[in-house]
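Those protein sequence lines, which keep their order, are chains A and B. Note that the working numbering has the first sequence beginning at 170, numbered continuously upward. Note that the working numbering has the second sequence beginning at 38, numbered continuously upward.
For the record, the hints were derived by calculation from the structure and aren't laboratory data. No false leads were slipped in.
With beta-carbon atoms standing in for the labels, derived distance ranges:
| # | chain 1 | residue 1 | chain 2 | residue 2 | range |
| --- | --- | --- | --- | --- | --- |
| 1 | B | 275 | A | 243 | 34 to 44 Å |
| 2 | A | 356 | B | 59 | 49 to 59 Å |
| 3 | A | 357 | B | 289 | 21 to 31 Å |
| 4 | B | 246 | A | 454 | 40 to 50 Å |
| 5 | A | 179 | B | 276 | 42 to 52 Å |
| 6 | B | 140 | A | 311 | 24 to 34 Å |
| 7 | A | 333 | B | 307 | 21 to 31 Å |
Quick look at which bits of chain A chain B covers, simulated, 3 or more residues with Cβ under 8 Å:
| # | segment |
| --- | --- |
| 8 | 186 to 199 |
| 9 | 321 to 329 |
| 10 | 424 to 432 |
| 11 | 446 to 459 |
| 12 | 472 to 483 |
C-beta: ideal position from N, C-alpha, C; glycine also.
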Amino acid sequence: MSILLVIFRRLVHAFLLILAVLVLNFLLIHIAPGDPAEVIAGEMGGATEEMLAQIRTAYGLDQPVIVQLGTYLGKALQGDLGQSFFYNAPVLELVSGRIGATILLVMTALLFAIFVGTLLGVIASHKPKGIVSGLVTLVSVIGYSAPIFWTGMMLVILFAWSIPIFPISGMYDITKGDDLWTRALDILHHLVLPALTLGIVYLAQYARLSRASMLEILGSDYIRTARAKGASEISVYGRHALRNAILPVVTIAGLQFGSVVSGAVLVETVFSWPGLGTLAFDSILARDYPTVLGILFFSSLLVIVANLLTDLVYRLVDPRIRMEG
Amino acid sequence: MTVTSDQNLHISSQSPLKEVARAFRQSWAGMLGLVLLFLVCVFCLAGPFIYMVDPFEVIWAPLTPPGEVANVPLGTDYLGRDILAGLIHGGASTLFVGLVAGVLTMTIGILVGSIAGYYGGMVDEALMRLTEFFQVLPALLFAMVLVTLFTPSIYVVSIAIGIVSWPATARLTRAEFLRIRNLEYVNAARSIGARNNRIIWRVILPNALAPLIVSATLTVGIAILFEAGLSFLGLGDPNVFSWGMMIGAGREYILDGWWTISFPGLMIFLTVLGFSLIGDGLNDAFNPKLRER
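Whole structure, please, built from the sequences with the hints as guidance.
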């Protein structure tokens, strides 16, 4: 099978998943107790009869369910995910204004976790019973068991009281200068604590994973061969072992993207980071269903795209799996 | 030649269960986890009879720090409610949701995974597509949506957590079934005419239990973290005290009252730690190869 055909099949697959998420969204509106029109309008008590009638016509709620589904899918695929009555704006506009901040947070946390985690794992594999190994195990046990929002708050307390060098809330400081460079630095400065909070959980997992795979690889024949032909330790670790040890980390990181997005919802709420998470929190409090469902759709879309990219990058990097369906 | 004693002829035999229990007792992680969990349970179950303070009642000035007043040892929250009473009463609902959601997650996951793994072919394809679909949805957001659409109660929260978290269990069960389904004893069962149902539940499943039991302890831990996250966001049962809810309530007062969030978080941490340490211990006990390391 040619690589183009493989890519095409993955794209079709991703598209079907997107359709499935939309169908789920549609079902959720209809499964919820009460009149779908009221669900869409939200339980603000402000929805008048005319407003409800307007929604019923707009969404075709007086038609058979299957027609309604068709209408919904057609609209959604054209980018119309409904209107938020709480913010009085199209859902698409609301979500696209916030999604960048979430992507920035999630990607920073993930890349930080992958790089630092793998590095720690490699160091730990050098001395399996050393201090770094013990530390990695300890951090991963804590990271696994502590609620992520609590870890974030503990960091806030720590950094607000003892070492107040990082901002603990928001994404930028409006009193700072307006030029691009200052703004970028300011955002990075605000990003440190949220990304650290989100990344630390995965960092420990990846460190453990890369430590385990390094230990396995370091005992394999080709490493012995590399050593026998006189390769330096740095070359053995960096060029021979690490290349294979990082593969499982990238696989898991790709698979965990959804869980990182979930974690981001909580972390954003703690640090008032203006992404999809805080939007979800605010719109759930307001019972603004169209926005909530729009966020569910877009965050699933993020996961689908991330999985697709991981899969394709993987095929390009590793010739062994390139041609598998 | 005479038999010297009965003892020389006696070959000691032990049930696998006893063997696992013995190995578990030797694992310090597992025992520590068990002790932790026992202490948490005693705290939550016996606590209300020893420390009789209503967690909803305002008993002192708001945000009293711990240790300042003798009869409020862990201080008060932003309304002046007793933190220690909150900790005692918050545990029951957290543990309840964790257990119910954990059982639900395992049930759905085992059902889907065993049927997919046993039958293979189209059935497997369809069920795995479904699993994949559920894995694409960010679990917490999906649970948030489910809880919002229906009225939040500890049952709705438990069911929502079960619905969003079964895919990992399904994949694990399927992998075990794929490994076992062509082993000789399964073929033997098939050759004497055992029906599919019997083979799935009585022949293969018991042999796949070891990794599933380990994952069940971890699943309960994850469910507790989920419950805490939902309550923190204000999506828990509003009529029931829970640790996550206490942290959520203290969110605005993070710098004026560190104790309102530190202590409930510590309780969640210790409980989940207990479950995951037990999981570690069971994992060691079930894997004789790992035991020797």
